[in-house]
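Can you build the whole structure from these sequences, using the hints too?
2 protein chains.
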Amino acid sequence: MNREFTPLTDNDVSRLQEQARTARTAILTMTTLAASGHPGGSMSSIDFLLGLYNRANVDPKNPRMKDRDRIVVSNGHISPAVYSTLALNGFFDLDAAVTEFRLAGSMFEGHVEPIVPGIEWGTGNLGQGLSAGVGFALVSRLNGIDNHVFVLMGDGEQQKGQIAEARRFAVKYGLTNITAFIDYNQLQIGGDIKHVMPQNIRDGYISDGWDVIEIDGHDFREIDHALEDAMNHDAPVVIIANTIMGKGVSFMENLAKYHGSPINAEQYAQACRELGVEDRLEYYAGRRKECKPTHGTISHTEVTLNEGTPRVYDKKTDNRSAWGNALADIAKANGDNNAPMAVFDCDLQGSVKTGDFENAAPGRFFQGGIMEHNTATIAGAASTCGIQAYFSDFGVFGVDETYNQHRLNDINETNLKLVTTHVGLDVGEDGKTHQCVDYLGVMRNLYHFPVIVPADPNQTDRVIRYISSRYGNFLVPMGRSKLEPVRDRDGNVLFGEDYKFEYGKADKLRDGSRAAIMVMGTPADNAVKAADMLHEGGTDVQVWNISCPCDMDEEALKEAAGTGMLFTVEDHNVHTGLGACVAMKLVDMGLRCRLIRIGVEDYCISGSAEDVYRYAGLDAQTIADKIKDNL
Amino acid sequence: MNREFTPLTDNDVSRLQEQARTARTAILTMTTLAASGHPGGSMSSIDFLLGLYNRANVDPKNPRMKDRDRIVVSNGHISPAVYSTLALNGFFDLDAAVTEFRLAGSMFEGHVEPIVPGIEWGTGNLGQGLSAGVGFALVSRLNGIDNHVFVLMGDGEQQKGQIAEARRFAVKYGLTNITAFIDYNQLQIGGDIKHVMPQNIRDGYISDGWDVIEIDGHDFREIDHALEDAMNHDAPVVIIANTIMGKGVSFMENLAKYHGSPINAEQYAQACRELGVEDRLEYYAGRRKECKPTHGTISHTEVTLNEGTPRVYDKKTDNRSAWGNALADIAKANGDNNAPMAVFDCDLQGSVKTGDFENAAPGRFFQGGIMEHNTATIAGAASTCGIQAYFSDFGVFGVDETYNQHRLNDINETNLKLVTTHVGLDVGEDGKTHQCVDYLGVMRNLYHFPVIVPADPNQTDRVIRYISSRYGNFLVPMGRSKLEPVRDRDGNVLFGEDYKFEYGKADKLRDGSRAAIMVMGTPADNAVKAADMLHEGGTDVQVWNISCPCDMDEEALKEAAGTGMLFTVEDHNVHTGLGACVAMKLVDMGLRCRLIRIGVEDYCISGSAEDVYRYAGLDAQTIADKIKDNL
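If you're matching them up, the sequences are chains A and B in order. Here the first sequence is numbered in numbering that gives the first Met the number 0, starting from 0 and rising by one per residue. Here the second sequence is numbered in numbering that gives the first Met the number 0, starting from 0 and rising by one per residue.
Heads up, a few of these hints could be off.
No distinction is drawn between identical chains; accordingly, a pair holds when it is met within one copy or between any pair of copies.
Here are the computed lysine-lysine pairs in the DSS-like style, where the Cα-Cα straight-line distance is at most 30 Å [what the hints assert, rightly or not]: (1) Lys481 / Lys288; (2) Lys504 / Lys584; (3) Lys256 / Lys171; (4) Lys314 / Lys291; (5) Lys507 / Lys584; (6) Lys528 / Lys288; (7) Lys315 / Lys288; (8) Lys627 / Lys557.
Since the hints were derived computationally from the structure, they do not count as laboratory data. As the structure is a prediction and not an experimental result, all values here were calculated from the model.
Structural data, given as structure tokens:
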């Protein structure tokens, strides 16, 4: 949207200057009171923040208003400035923020979190905010929302490579509804940014297709002009604001030490004299001791989709194709190009099978290039705006490379469906750098990102439909190979027409009493075959498919442990995956049973899936032999 | 080093052209034979590779020659071209590579791995190779080795943000001994690079201070001139080589599908006719069936350091300071600025306490800026060149953000000492985005990256000295707070003068028989205090400090489990850390014992370490209460 501003009057400027004085006082009070926090960058960016909120279309009475401008603060450590600005714009009581800053249990945390009204995205790990802003800008365009996204960043932060990725994505998709702001105070923790890591910030943005506006970041009229100007370019704009670290208090100005250190009480008194304000530190110290911390919760726009009609596969099919088919079905069942969903790819569309989705809903498919960090964050941020976001990639890129992006997504309570193919050793001949044998071991460190590992194409179909109808993060990992649908001994497909996926429920694939196998993912059919081989030799072994290792089925485990001998089979690091989950649950439940964990013991070789499985001991024959040897 | 080339003669060019024909034939033969692999980029980059090896100072008889030029192939999928080039330069038999390409058990894997003679760095995850090359170039300069480093990359790969980080680091440290090469065939998996993700590659390099040379990547004289030119600039140089995907076979040229798909036998026959070579596919197919795959191993230059003299702390000290002191001691004990070591920081030197090291050995300290991905890879690559490399960062950056860089480091059998501070909830008031409660849960997915968690400053001191004298990767995580040295009931320091760290050994901090506590890291003193509270109430509880959770002390566990009731205490995700390791080991050893895991149950609040510990139930009183409640 192009916007026209009525120029600031002298009165407007005076009002903003007075706000700035109040805000600077609040910044110093809260950091000195907490004896912790980042006053320096807060004071260099406060004028811009106030100038921005003076124009931004936000409503403190309705902070989640649908067509609000979205302001992302990527350098989350300037929280004192952000809290002050939001308070001065009516989002909450300034005294509460000053009193409770960094106090245990308060929403006014060290780094901004979306539990605070007005905060769109929790940050603190630098370099991710621009991607989040791009995600918001993208969904605004998708949903026809005529708003603008602003992203504040530090100058040291510009060193992070993910920022260049975000720039390119924004340009590719013509996102002119986003404006970035760099608080160019030229200091980072280690000192002068030119000394810590020389960088030509301006040319970097230009080379990626952005327009640059340079201003004095402490001049409200320049700030105001820049904001208006930025919203009327036909490219994304970055405003580089020349500022002064610690601006407003003479003895703090241009000193890197105030990046992350507050001043003491004596200095605070002096600062108050300079600012011409009353020293109320003791008053707030008293309040802080007695206050009941203000809580906050996150509330994103939820959305669920029509699951469409399940498919049943009776022939050998790769889970990837089942995922791609289900995804396209869901798009069709929800209005094709109008479906409230988006799919993100990193130059692997042919392999991760999202082509049919793109055909069904071309405007909802986004090609993020070989820029996984950026894409993971964009997808996460987009998922909070009333769409279901799917990010599909190889396991090593979608999980291992982007773990920290998903950690921040999870902290932000996103609604991301992460579907990774080529997990485990089942990656074709690509070798160890492509073998994601840690998808569960890594992702189960995230508290709200359950992992669902389908056993075959039929279960994949049902799992994808299930996650499409739930809010929240899920990882669905799958291998590359075509898999035989899991069948009973009569040859009937087990996850057939009547099957409905239920989160946390184990699937009994074979009955038996001599021992039990619990298997996860791709090797399910091998485990079944192993059991059938043993059956032919007169030994009946239970086989359980564990699709939800993070939330183990207790009844199934009890029954399996009842055999006295339990084998876990997984195409995953044998120390950190299914076997580890089973061991922990056995102990938690006080079940006694021998456990033999079969899985990937070390970085593995490159070869055909069949050869590699045989090498790693995950083929049916080796599984059967191991069981026989242990009975 | 500046180098002057005698210009290529017509004979030289003819010889190279003939090599190129042989190499192209080999590329097609091996990929068609394996029915897998990446012929397109192999054929676009083969001329440059041959031109480079024609000039590079490498010795096939002594591939690890100390002053060799180092060639890093970041786009590891062009392995067919690399294997062909190395074979034609005498590193091994070409027929072996052709026969065994991507065959299970052969060193000729899908992506290049350093098990192959002549390969410096295993790649396959794009965007990391330039950082590895920068690491090599840096150590060459440190060690006074007059060589040159060449890094080959794809053009799509340029989208990765880590590449811009590497560029900046190289310029900051004036590394003119590195030359990058971009195979600019303008196609990536998804098609035209301008369609997949538009990018101004040339201006990006220039904005970061690199010089650019543009050539026809199929003209040997242009390649040769560019190489000579590049080695005589006073800035790092990138050679952008205009090439043709699939070059040399008419029906393959400029088709993106040949990025990752081989031609079939019929097309192969046609290609042989075009190349004017014999179709020997059947011959190789026969060999492939019968061959015994060629193995390879990695052998890096090892180094160990003099550990210096341990320090004993009798007063409250943060582990961070103990680490910083030990590091500086080691530098001093090994020749200060000549010590065969390097320390890498990401703008957190004051917090991670490497300042004393920098004072002792300023030429061995490297400030990587806020560019963790790049720094993690640089440190890993540097560690393979006869120095001990230390990378120190906050946990969330050094572990969570850079996990995949460490995964590739580990696959490359690096010698990286990763020392992370601010782990667990003990991060000051920075809040959940800074709380690394997954350092063990994440890193134990790597097969050769043991985690050692020191309990107090004394153990930290000994652990740092221990890892300095061992080859291999280690993670040593620690919190932020000052900790009381762990003491016995008489007040004597437990890890005192006589204490020697032994990997895998648990430390008994208190004796008792009613129950046992196993504790990891920062909460050790709280666990001891809890036991002492219980002791005063007449209940004696064993306390074990587990510094090596990945390799549990079996004797200690047996003794602890013998009490019948075991509590694990950790400032870590309660599902994936010490408690999970103990549970798995209990089951593996068939020990029966109740286990109650005390740890971090969810993303936590922001506040002082003490308040946050109390909130999370990790303070001494809550630990004691939980034990009492369960006895």
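Verification of the hints:
Taking identical chains as interchangeable, the C-alpha atoms of Lys481 and Lys288 lie at most 30 Å apart only when they sit on different chains, with a minimum of 24 Å there against 63 Å within one chain. In this assembly of identical chains, Lys504 and Lys584 lie within 30 Å of each other by CA distance both inside one copy and across copies; the values are 15 Å within and 26 Å between. Proximity of Lys256 to Lys171 under the C-alpha cut-off of 30 Å is restricted to the inter-copy arrangement: shortest distance 23 Å between copies versus 39 Å within a copy. Within a single copy, Lys314 and Lys291 get their C-alpha atoms no closer than 62 Å, and across copies no closer than 35 Å, so neither meets the 30 Å cut-off.
Taking the shortest Cα distances, Lys507 and Lys584 sit within 30 Å of each other both inside one copy (18 Å) and across copies (27 Å). In this assembly of identical chains, the alpha carbons of Lys528 and Lys288 lie at most 30 Å apart only when taken from different copies (27 Å versus 66 Å within one copy). In this assembly of identical chains, the alpha carbons of Lys315 and Lys288 lie at most 30 Å apart only when taken from different copies (27 Å versus 66 Å within one copy). Taking the shortest Cα distances, Lys627 and Lys557 sit within 30 Å of each other both inside one copy (22 Å) and across copies (29 Å).
Comparing the model with each numbered hint stated earlier shows that hint 4 is the single one that does not hold.
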